[in-house]
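Chemist: Numbering (the working numbering), first residue to last: 1 to 97.
Read the hints as simulated data drawn from the structure, not as lab findings.
We treat Cβ as the ideally placed atom computed from N, Cα and C, and that holds for glycine.
Do not take every clue at face value.
DEER-style ranges, computed between Cβ atoms [what the hints assert, rightly or not]:
{"hint": "1", "residue 1": "T13", "residue 2": "W71", "range": "19 to 25 Å"}
{"hint": "2", "residue 1": "Y85", "residue 2": "Y47", "range": "31 to 37 Å"}
{"hint": "3", "residue 1": "Y27", "residue 2": "E74", "range": "41 to 47 Å"}
{"hint": "4", "residue 1": "Q46", "residue 2": "R11", "range": "24 to 30 Å"}
{"hint": "5", "residue 1": "G45", "residue 2": "F67", "range": "31 to 37 Å"}
With a straight-line Cα cutoff of 30 Å, these simulated DSS-like cross-link-like pairs (lysine-lysine) come out [unchecked claim]:
{"hint": "6", "residue 1": "K49", "residue 2": "K39"}
{"hint": "7", "residue 1": "K10", "residue 2": "K73"}
{"hint": "8", "residue 1": "K73", "residue 2": "K14"}
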Amino acid sequence: MTTYREKQQKRFTKVDFFIIIFGLVVYTFDIGTDLWTAKNFLCEGQYLKGILILSTGLFSSIIIQFFSYSWFKEDETENLDWAFYLLHSLYGGLFIR
């Protein structure tokens, strides 16, 4: 007899893998373009625009890391040690989710 949890488990397919890789590439590209745009604004003396881009990027990254940490904590599949907290503090939680 299968349990409820076994019924919920889904097979990880190649399509899932490529979607994850595509998402990580887009996420990394987005951060890079945000930093590049902010640098250009700051170098041109448009400090308000540069700071707004940096602050919205930072705020959204904090929210993403918070949810990633919350989901890991809710899953209870891993023992959350100091390296896990450090990874989320350095905005790397999304890459292991």
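Chemist: Hint by hint, note whether the structure agrees.
Modeler: Consistency of the hints with the structure:
{"no.": "1", "hint": "T13 / W71: 19 to 25 Å", "verdict": "holds, 21 Å"}
{"no.": "2", "hint": "Y85 / Y47: 31 to 37 Å", "verdict": "holds, 33 Å"}
{"no.": "3", "hint": "Y27 / E74: 41 to 47 Å", "verdict": "violated, 22 Å"}
{"no.": "4", "hint": "Q46 / R11: 24 to 30 Å", "verdict": "violated, 50 Å"}
{"no.": "5", "hint": "G45 / F67: 31 to 37 Å", "verdict": "holds, 36 Å"}
{"no.": "6", "hint": "K49 / K39", "verdict": "holds, 10 Å"}
{"no.": "7", "hint": "K10 / K73", "verdict": "holds, 20 Å"}
{"no.": "8", "hint": "K73 / K14", "verdict": "holds, 27 Å"}
Taken one by one, the earlier hints fail for this structure at numbers 3 and 4, listed in ascending order.
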